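Enquirer: Got two chains here, separate frames each, mind docking them using the hints?
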Amino acid sequence: MDLTIFLFLLQDGLTNGAIYALLGLALVLVFSVTRVILIPQGEFVAFGGLAFALLSTGKVPSLIYVSLGTSLAALALDLWHLRGSWQGASLMRAVAWRMALPVITALATLALAGPHTLLLINALLALGMVAPLGPGIYRIAFEPLAEASVLTLLITAVGVHLALEGLGLLIFGAEGFRAPPLSSAQIAAGPLTISGQSVAIFAVTALVMLALWQVFSRTLTGKALRATAINRTGARLVGISATRAGAQAFGIAAAIGALSGVLIAPVTTLYYDTGFIIGLKGFVAAILGALTSFPLTVLAAGAVGLAESLTAFFASDFKDIVVFSLILPVLLLRSLRHARAEDEE
Amino acid sequence: MSEPILTLQNASVSYGAVEAVHGVSLSVRPGEIFTVIGANGAGKTTLLNAIMGLLPLRGTATFQGRAINDLSIEQRVAAGMALVAESRELFGAMSVLDNLRLGAWTRRGHADGDDLEAVFARFPRLKERRDQRADTMSGGERQMLAIGRALMSRPKLLMLDEPSLGLAPRIVSDIFKVIDTLRLQGTAVLLIEQNARAALAAAQHAAVMELGNFTSQGPAAVIAADPGIISSYLGLH
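Chains as they are written, first to last, in my numbering: chain A, 1 to 345; chain B, 1001 to 1237.
Excised from the complex, chain B in its bound form (with noise of 0.2 Å):
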């Protein structure tokens, strides 16, 4: 098994004086989905927010082998870490080839017409509507366009919160699809869903969060096999 890309140990997040994660640990591998369920204000999004460097975090966090609580966001953007944050976050007056070309910021300098091809491959949609202002295209086209922007960045680690928020099931899969093709390739995936049934289904590793505490965690399928959480995450069938 490859060493872990990404490992918390005992990290806590607070929001001013209101702690919102309690001292999480958790490591996630290249080639590896590792995902994050729960139900909403669980502490999630907090937690990927903090691992990206939005929010301060405590305790241990490193990323390949070093400790990244200092960096700043753009250090850790050129250390190989993204995030695809659940609001999207992408330049809304600005065309999907500008929010493409501006997530490859942290390589300026550097040529990326092969980064823009592949992104364009995985989703052919994005080169159709590239002159198009990305706040004029749908949901799944604008989910799309924030994975792409993320991957502008040639990522070793993507952190996706919510991917499936208001997306049609087909558009859901295709993306999942995508997520899992990532994956394949050596990208360590960190992925926050309500969607737990999609999110297990494609997950390797799984971790269980409720009220900022990791409840469980272990491989997805035995996560998935867990009586306790069919009940309260997969419904009954």
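Same shape as in the complex, but just chain A (with noise of 0.2 Å):
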């Protein structure tokens, strides 16, 4: 392996990790917020970038009826927990915080889609589609059992998956895609070319991670938030919301996971199930970084991505395995220092 291999798995490497960093981050918020293991955040991945393709081939993905479809099953039980005492003003309240984004996106679709349409405005579509399914599918699956224990909300994380996955297959269909890239530039440096799209990934995320990190510090609902991954009973001893707290993480994590989706989409083709694994590659970093540690979850990150380029190269068969077995040294360590295992919390 000679320099200019190696930079190039460098580059590649961290590339991926900078997607596997944001998954990660999306996992830990999810995680520390309401318990649940997000399994389902490869199909977030999935759905956004798939979106994102056929958008930019001119087509109306259909996945703009299952977000509002989610987002009215979801509304649909919010007014039974409501009733009796329905007014005007919380109602209104209700319709619009559920069905603002889908409606608003699925009529820009409608109105947008074509052939030509901005490749900004096709990622921005994407986002607007997939962010709702979040707090539609907190709502359903997982709010009722907010207080059930970590292993059963992980059943139900793995349910919502195969469900989801299902549902991919239904509207996307089993054919992969590829979208166009956001910049098709490339720059010499030196022995190595950078690819516009590696410079976009990486400035996207440094954005969304400047973002999460001002959010978190500087705003009292970010606090807020993060008040409940300290302490759930003190968060709701102050009367913070614990389903609106979980509707947030869902939201942010659907997000994040839509706009990992769109910035993959012109490196890898995506297939309705590609998502899982992509997802599972953020859960490594999730789990490396104790799943509460934001930092430690990136910089793990990082090493899933360089350890998954670089077994690419000298053993590409293995290098799931290789990644994947990451965690065992990490899940090893972590028995040995809690004697007793711990079920719960």
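No lab work stands behind these hints: they were computed from the structure.
Just to be clear, a hint being listed does not mean it is correct.
With the C-beta cut set under 8 Å, the calculated list includes, among others, these residues of chain B facing chain A [unchecked claim]:
id, residue
1, A1078
2, L1083
3, E1089
4, G1092
5, R1101
6, T1106
7, R1149
8, S1153
Predicted, not measured: the structure shown is a model, and the values here were computed from it.
Idealized CB from N, CA, C, for every residue including glycine.
Expert: Shown next as structure tokens:
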């Protein structure tokens, strides 16, 4: 292996690592706020990427109807829960909160979709379709189980993953899609050629992390979300709604997943079930970050990406095995440190 | 005498199939400290958690004349109830200031500067430590922060679970002074204490809890003079 190849692998690994970092952060956020291990994160990636790819061919993804349907079902549950105390203002707020984004996205998609639509608009539309799935799925599948054990929530998450994967096959078909790059520039840097897409991935990842950091450290809403993650009982005692925090965490996770999908759709051929393995690699990073630490998760994601690209070079058949084996020493170490097994938190 | 702000009638609380509190009744008035004393495991904390909505409560519970059984915790906080839990439940990795600001969460959108200054005036220690992480503070400071955070929601009823637990006597007396000031300013206080002597000295009304029942209830001075209670809870002199 010469320097050029090494640098190429480095670029490749870190680019993938950036995506895993985003997904890992979303997983840590969702787990610390709701105790749900978000297995369906991969579907958000696949749906976002596939919707983006379809939009760039000028087609309207039927994902808009899934997004509308999920939000409507969640709204129905909200209204059922509020029955008896239906008032004009609170009713309007409930409807607007659930339906504004999916309805606007659906209308905008029908109006704007075409072969010459700007990539940026396509990306925003894809995000707008997937993001409402987060709070919707939380409302339907997880909110009724808020007091359940971590294991119950995990089993539910697997169920949701399988359901979404089936839905993905239904709406996108078994065919693979690839989207045009956000930037087709090639930058020569010494022996290395850096693709514009890699730069875009790094830039967007950095921006998202910066935005998350600002929200969590500066805004009261962000602090309330962090407070829920730090101490759920304490958060309830000051009146922070656990269900609202959960819906927000799921919304952020779905948006991050979709964004990751949009970013990788130009470099990877995406199938309806591709997201799962990508999501799992984000999960490896989150585990290495002990499901609690954001900085550790980002570092671990870089390591996962590098390990993947290096093994892809030396023994490509084994790359997934190597990546997933990374969690074994960590799990071993953690189980040794907590000698008695903890089923619960 | 003013109207009670909190009333329980025949209130029971269960953990799954096990009933821990069996049909107790009480009423707490503004400007009054009501204390519940009793041994460990008598059901005091369970009762307080159920009033706050952390556990389901059977029977009648009204706050300001309105039934609260179906209210969520955030609705109870917004209505003016606050609980300082025995374990304090602070946001350890966050600063003192952030903990206090989040205490005013149900009034978000409104200025909280005056409330912050009022808490700092009551607990000058918190002002000195405003940028320190909550989990690096001493036990007494954490208790002050927990009470301060509860006050940020402008509670009409403040419920305190063992505020003296594990604290040095001087800090306990400081905290009881603050609780008494709050009472004089019109707050209703429901206080749970194992330190029966301090609690009975501070309170106007008291109930004694044993195995999930109130075995006696009345003016704190009367309870404190009861020979049976003196021998069980106050020790002999």
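Enquirer: For every hint, state whether the structure bears it out.
Expert: Quick rundown of the hints versus the structure:
A hinted interface residue such as A1078/B counts as satisfied when its beta carbon comes closer than 8 Å to some beta carbon of chain A; here the least separation is about 6 Å, so the hint holds. With a least beta-carbon distance of about 6 Å to chain A, the hint placing L1083/B at the interface is held under the 8 Å criterion. Given hint, E1089/B at the interface with chain A, holds; its Cβ is 4 Å from that chain's nearest Cβ, closer than 8 Å. Against a cut-off of 8 Å between C-beta atoms, the interface hint on G1092/B holds, since the closest Cβ of chain A lies about 6 Å away.
Taking 8 Å as the C-beta cut-off, the interface hint given for R1101/B holds, the closest approach to chain A being about 7 Å. With a cut of 8 Å, the hint placing T1106/B at the interface with chain A holds, because the nearest CB-to-CB distance is about 4 Å. A hinted interface residue such as R1149/B counts as satisfied when its beta carbon comes closer than 8 Å to some beta carbon of chain A; here the least separation is about 7 Å, so the hint holds. Evaluation of the S1153/B hint against chain A yields a held restraint, the C-beta minimum of about 7 Å falling below 8 Å.
The structure shown violates none of the earlier numbered hints.
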